[in-house]
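Peer 1: Here is what each chain is made of, one letter per residue.
Number of protein chains: 2
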Amino acid sequence: MKFEFKPGLALLACLLAPLSAANAATGGEPIQPIAPARVASPATAELGKMLFFDPRLSKSGFISCNSCHNLSMGGSDNLKSSIGHGWQKGPINAPTVLNSRFNLAQFWDGRAADLKAQAGGPIANPGEMAYSHELAVNTLKTIPGYRGAFKKAFGSDEVTIDRVTQAIATFEETLVTPDSRFDKWLKGDKKALTADELAGYKLFKDSGCVACHNGPAVGGNSYQKMGVVEPYKASSPAEGRVAVTGQDADRFNFKVPTLRNVELTYPYFHDGAANTLPEAVDTMGRVQLGRKFSAEENARIVAFLKTLTGKQPQFAMPILPPSADATPRPKPFD
Amino acid sequence: MKFEFKPGLALLACLLAPLSAANAATGGEPIQPIAPARVASPATAELGKMLFFDPRLSKSGFISCNSCHNLSMGGSDNLKSSIGHGWQKGPINAPTVLNSRFNLAQFWDGRAADLKAQAGGPIANPGEMAYSHELAVNTLKTIPGYRGAFKKAFGSDEVTIDRVTQAIATFEETLVTPDSRFDKWLKGDKKALTADELAGYKLFKDSGCVACHNGPAVGGNSYQKMGVVEPYKASSPAEGRVAVTGQDADRFNFKVPTLRNVELTYPYFHDGAANTLPEAVDTMGRVQLGRKFSAEENARIVAFLKTLTGKQPQFAMPILPPSADATPRPKPFD
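Just so you know, the protein sequences line up as chains A and C, in that order. Anchor point for the first sequence: position 92 equals 92 in full-length UniProt numbering, and the numbering is continuous, going up by one each time. Anchor point for the second sequence: position 14 equals 14 in full-length UniProt numbering, and the numbering is continuous, going up by one each time.
Nothing false has been slipped in among the hints.
Note: identical chains are not told apart, hence a pair may lie in one copy or across any two.
Calculated cross-link-like contacts (lysine-lysine; reagent style DSBU-like; alpha-carbon spacing at most 30 angstroms):
| no. | residue 1 | residue 2 |
| --- | --- | --- |
| 1 | K331 | K89 |
| 2 | K311 | K187 |
| 3 | K225 | K306 |
| 4 | K190 | K311 |
| 5 | K306 | K141 |
| 6 | K205 | K311 |
| 7 | K152 | K311 |
| 8 | K331 | K306 |
| 9 | K306 | K152 |
| 10 | K184 | K152 |
| 11 | K116 | K311 |
| 12 | K191 | K306 |
| 13 | K152 | K191 |
| 14 | K191 | K151 |
| 15 | K151 | K306 |
| 16 | K331 | K233 |
| 17 | K141 | K311 |
These aren't lab readings, by the way, just hints derived from the structure by calculation.
Go ahead and model the full structure; you've got the sequences and the hints to work with.
Peer 2: Here it is, written out as structure tokens:
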């Protein structure tokens with residue numbers, strides 16, 4: 001195809017410019033590089049970091065957001081299913097918080113529209129942190145160091161669940177992992193990948209993985225049925241998106257997980273049944289694509305997937321403000 | 001008393017010089033400033049930090065050293081007694097890891113001679129991390145990132161429990177909290193304390209608290225009976241030092257806890273029965289000194305105690321090396 005310059009096309013060219021720039025930068029690939037974190041409000045993100053690490057948002061005083069979305073371990077807990085209040089066994093594998101800002105919605109079934117809506121969930125879930133929004137807010141209100149941090153973030157020291165979840169979400173929005181080797185390759189550094197890794201990427205595209213795992217997060221942007229070609233026998237009772245929509249067609253539809261940092265976020269799938277990447281790739285090939293990857297193909301795809309490990313968020317551990325005499329005490333054994 | 005210079009005193013003067021220097025620096029006070037951390041082997045401390053934060057040293061894959069000695073919360077868990085494997089209720093309050101290098105021995109009953117000996121305890125305690133030294137070592141051996149870190153720290157990539165505990169202890173030795181306001185006062189900044197805080201310190205000395213709470217850690221350097229004047233009715237079954245010595249005289253003798261950062265390390269006592277500093281000061285006055293502090297006296301002592309909060313260790317959260325395919329998986333619910 002050939003374009004001749006015509007005055008009328010000038011406007012079209014302007015409109016397409018951002019897309020063209022993106023395509024030029026990534027060579028038209030279906031995966032785009034992760035951009036570094038933009039911190040719109042450092043004071044809010046800093047407060048959110050404190051809250052993310054604070055087990056006083058749980059009834060027990062023992063479980064924080066970081067317990068299951070551990071930022072030392074790829075933003076996950078590396079457990080098949082998470083451990084909640086009283087050592088309850090969670091029904092589902094904890095998704096990574098890293099790059100979760102790119103998800104079209106939060107939770108495996110997308111029941112939270114955004115990170116702010118998600119953040120309130122575990123606090124009040126009796127199987128997770130087992131507290132309530134009211135109790136969490138009442139606890140924070142009594143802590144002078146938090147009053148100051150809320151004032152800095154929001155202009156007044158009022159503590160509300162809306163502000164709590166907003167601050168946590170603002171912190172989580174900073175948790176992106178740019179500069180993976182694959183991103184370097186996307187940006188033009190052709191030496192960033194080995195021949196095997198590149199062959200793995202080609203296979204990932206050619207065999208159809210990329211149909212669901214695409215975009216900057218290599219997933220997170222659609223719901224798909226788990227078990228397209230073969231039924232998937234899950235060990236989790238979760239039924240996916242049907243729980244939100246009530247539509248039978250959405251049964252076993254789950255949000256496609258991001259493959260960014262997948263090397264760090266084992267075990268895999270919503271039920272955490274696959275312990276290793278070779279196992280996960282094998283299962284996905286069979287149940288989603290009707291394809292049995294050879295050992296060599298599997299190894300190449302795994303090699304490619306490991307190039308998606310990005311620069312992990314690096315920050316100083318927060319020092320949490322101490323409780324005051326009036327602060328309600330945790331009740332781990334009640 | 002008056003000294004005339006005599007040749008024979010020169011030697012004595014030399015021998016006393018270090019003590020004199022210390023006295024000059026601290027004005028002869030029974031509490032000495034905390035010195036900043038000296039990091040003898042940065043590579044070993046860095047490895048130790050990773051291990052300190054790694055829940056793969058527990059059977060569940062959920063509990064790390066930092067779970068109960070949380071460096072965001074004064075090196076403690078702020079719980080009456082800790083939560084162990086399977087949500088077991090621990091028998092005793094978790095002591096802070098901050099400034100623990102100054103303790104004459106570790107644990108409340110001093111059953112570990114040093115930090116290295118202590119570090120192996122919780123890993124293998126069925127009520128805490130519920131793993132074993134052998135299983136912990138076998139897990140770490142399979143993780144390539146750890147092999148590299150052991151090589152950097154120890155010159156070879158061999159993983160042994162001796163090296164694991166040595167690395168954790170080396171990290172813990174860095175966890176000191178210098179530059180509290182009280183230390184500034186000790187070093188000559190007379191404006192570092194308010195009149196009330198200073199009155200509290202005087203009372204702390206005059207009423208006898210300082211007999212046990214002295215030295216750089218304001219405690220940690222002797223065993224003392226809990227309940228000297230009045231019996232102390234503990235909610236913990238722990239009997240203290242007798243468990244180590246077998247001597248009946250040591251029953252209810254516990255290591256005197258450090259008062260450094262005591263504002264952060266609530267609740268107090270080996271059974272965690274005192275939720276607040278006013279309550280702890282009141283109880284100590286009664287059962288140890290036979291003295292009922294007035295509300296004003298209590299408030300002054302508490303004001304002094306809060307000047308002992310030092311600069312908390314600040315460091316980047318460690319990024320833990322991922323498990324390999326061959327790494328044994330955690331078993332939280334077995």
